[in-house]
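Chains as they are written, first to last, in this note's numbering: chain A, 61 to 415; chain B, 61 to 415.
Hints are supplied without guarantee of correctness; some may be wrong.
One copy or two, it doesn't matter: identical chains are merged, so the pair holds either way.
Only pairs whose alpha carbons sit at most 30 angstroms apart, straight line, appear in this in silico BS3-like list of lysine-lysine [unchecked claim]:
1) 222 to 345
2) 345 to 193
3) 244 to 164
4) 399 to 280
5) 302 to 160
6) 222 to 170
7) 236 to 407
8) 244 to 158
9) 160 to 244
The set of hints was computed from the structure by calculation and includes no laboratory data.
Number of protein chains: 2
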Amino acid sequence: MTNLINDIFLKALLKQPIDRTPIWMMRQAGRYLPEYRQIREQAGSFLNLCTNPELACEVTLQPLARFDFDAAILFSDILTIPDAMGLGLYFVEGEGPKFKHPIKTVADIKALPIPDPEIELKYVTDAVRLIRKNLQGRVPLIGFAGSPWTLATYMVEGGSSKTFQKTKALMYNEPKLMHQMLDKLAQSVASYLNAQIAAGAQAVMLFDTWGGILATEEYKQFSLAYAQQVRSLLNTDIDGTKVPTIFFTKGGGQWLESISNVGFDAVGLDWQTDIAIARERVGNKVALQGNLDPIALYAQPDIIVEKVKTILAKYGYGSGHVFNLGHGILPDVNPEHVKAMVGAVHKYSAQYHLT
Amino acid sequence: MTNLINDIFLKALLKQPIDRTPIWMMRQAGRYLPEYRQIREQAGSFLNLCTNPELACEVTLQPLARFDFDAAILFSDILTIPDAMGLGLYFVEGEGPKFKHPIKTVADIKALPIPDPEIELKYVTDAVRLIRKNLQGRVPLIGFAGSPWTLATYMVEGGSSKTFQKTKALMYNEPKLMHQMLDKLAQSVASYLNAQIAAGAQAVMLFDTWGGILATEEYKQFSLAYAQQVRSLLNTDIDGTKVPTIFFTKGGGQWLESISNVGFDAVGLDWQTDIAIARERVGNKVALQGNLDPIALYAQPDIIVEKVKTILAKYGYGSGHVFNLGHGILPDVNPEHVKAMVGAVHKYSAQYHLT
Chain A
61 MTNLINDIFL KALLKQPIDR TPIWMMRQAG RYLPEYRQIR EQAGSFLNLC
111 TNPELACEVT LQPLARFDFD AAILFSDILT IPDAMGLGLY FVEGEGPKFK
161 HPIKTVADIK ALPIPDPEIE LKYVTDAVRL IRKNLQGRVP LIGFAGSPWT
211 LATYMVEGGS SKTFQKTKAL MYNEPKLMHQ MLDKLAQSVA SYLNAQIAAG
261 AQAVMLFDTW GGILATEEYK QFSLAYAQQV RSLLNTDIDG TKVPTIFFTK
311 GGGQWLESIS NVGFDAVGLD WQTDIAIARE RVGNKVALQG NLDPIALYAQ
361 PDIIVEKVKT ILAKYGYGSG HVFNLGHGIL PDVNPEHVKA MVGAVHKYSA
411 QYHLT
Chain B
61 MTNLINDIFL KALLKQPIDR TPIWMMRQAG RYLPEYRQIR EQAGSFLNLC
111 TNPELACEVT LQPLARFDFD AAILFSDILT IPDAMGLGLY FVEGEGPKFK
161 HPIKTVADIK ALPIPDPEIE LKYVTDAVRL IRKNLQGRVP LIGFAGSPWT
211 LATYMVEGGS SKTFQKTKAL MYNEPKLMHQ MLDKLAQSVA SYLNAQIAAG
261 AQAVMLFDTW GGILATEEYK QFSLAYAQQV RSLLNTDIDG TKVPTIFFTK
311 GGGQWLESIS NVGFDAVGLD WQTDIAIARE RVGNKVALQG NLDPIALYAQ
361 PDIIVEKVKT ILAKYGYGSG HVFNLGHGIL PDVNPEHVKA MVGAVHKYSA
411 QYHLT
């Protein structure tokens, strides 16, 4: 590994021996931290924060000053790609992301460009370079992107959705068109992740937030196939150092066998999935990342510690487990509760790594 | 069976030989039907409709006049029980159900009564009696209730929720209190379903809409255990005629082996679960109900027909399949698309029942 002071996160993803289980947390740089809320207010908007490399760097590093996390994750948003494609991302307070120009016609799909990440998304790769510099090798930096399917849902719906009616109607009625859009997205996502890797991301994660809304056949054809395409296009060998890859489909617990077969080093688990059963099902093919219920962080610290111990015990002996939540932390969690979780992983995981 | 003209729905639930696959649809009496919207407007509110046996009967029968469904389902709401417990159910247009007096304290839980269904919920059993009379044996009538866990989530949150933060905080921090509440709910639900059966319901379904938000252990302890308690308290033998039982956990696909072991005759499947794999996993223990993606009804009729054929083929030969959606139909679906689905089940299912 590249002169990292702490590389147990990367080693766990590659199932190499380590002396305790690493931990990081989805949305670890976020609103539950008062120091984040302060910078967010100064920035004026979430998008200003994402597009300003100095501020993105600052908030990326904030959780590492508080907690002994074993990885940093680039502060950004999965919707930077559709924005770079010209859809016009904006946020409405309390309503989530929106697009000014959602995909409505065949012409819209045909006209979608594949962004050049070092041009339209240079603010992201600049942030990666700056974060790497400021991390000074303390822990590895994770780059990320949304999966093609997940990006497509936002692009067609024009924002968040409960039912994904427009996206699914397009998929069912015009599968070829949907495949064309997903192919462009897969190329864009791969190019974007490769740019993050070239800029210094030491691991990359693909977030398939909405794959779990699909029926099994459609999941394989419209979500997993394009995650596989992204994976096949990634440059994960940087001067002989491997860049581990993680794929996470929220709600994908039923499909773990298929998910573990498309070439990623690790698979993210939501909290509904039992990690002991998951490990049996995926065998030695992949490492597993997860999977405490994010809402368990509202429990009292002693209960959080018990829940952490249960998950560690369920995964059991050996490398290949990265502790995380099963989804992002919520904005009003008490940071002291996060501290309890991190402390418990440090304290109780070494016993599973005795060599 | 009790002099029914069409009893294939009940026979399918009991895995007895039939000549085609039965079909009904979750929320088949609902807003997608113009004739429903008309009565709903006359009634003034959704609750007025639920609490008026004549109107509830009328809308229950509406879909049967349009489509060849093989069962009627009582028009009602899962939240009638907490309302009967004194929580004060009301609906805010566009926001869903709310309670005036949500559960907030230990005293609130201890004070919860177990309603007498023939007193506080007599409007429901009256509706059941009236619907049975008006059905004249055409198809069986399904009674239903919300599962204890699902009811508890609404009672603690005070309505719908995205994160179920209050309910889960109570569960994690005060598991004994949560168990006390769930035990009262299980008794209330069983008594309510027994009253529906006594009034004439010929099958009953327990809806666990929110079991799928739980981690595996919590699902078993806080949701499935109380579904099992309800099941154990049901009187399902009415003068020698069996009343089949169905349990449906939305998002429960990973737990089918456990779900099929608690005594229900049939298990509902959401659309994410592959019904071929589900049948393999549950073996001969239960019948299966489902599982077309409700959003597939936005596709063109010829595509709907193909999706129906796929599901029928996936279930394969023999009795034990009740065709349904994987969740309720949405309000703006074109009724002609429902007709395409029903017609396809009638046309293409007989081949799987050759004897």
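Consistency of the hints with the structure:
| no. | hint | verdict |
| --- | --- | --- |
| 1 | 222 to 345 | neither (34 angstroms within a copy, 34 angstroms between copies) |
| 2 | 345 to 193 | neither (33 angstroms within a copy, 60 angstroms between copies) |
| 3 | 244 to 164 | within (16 angstroms within a copy, 50 angstroms between copies) |
| 4 | 399 to 280 | between (38 angstroms within a copy, 29 angstroms between copies) |
| 5 | 302 to 160 | neither (39 angstroms within a copy, 57 angstroms between copies) |
| 6 | 222 to 170 | within (27 angstroms within a copy, 36 angstroms between copies) |
| 7 | 236 to 407 | between (52 angstroms within a copy, 28 angstroms between copies) |
| 8 | 244 to 158 | within (21 angstroms within a copy, 44 angstroms between copies) |
| 9 | 160 to 244 | within (20 angstroms within a copy, 50 angstroms between copies) |
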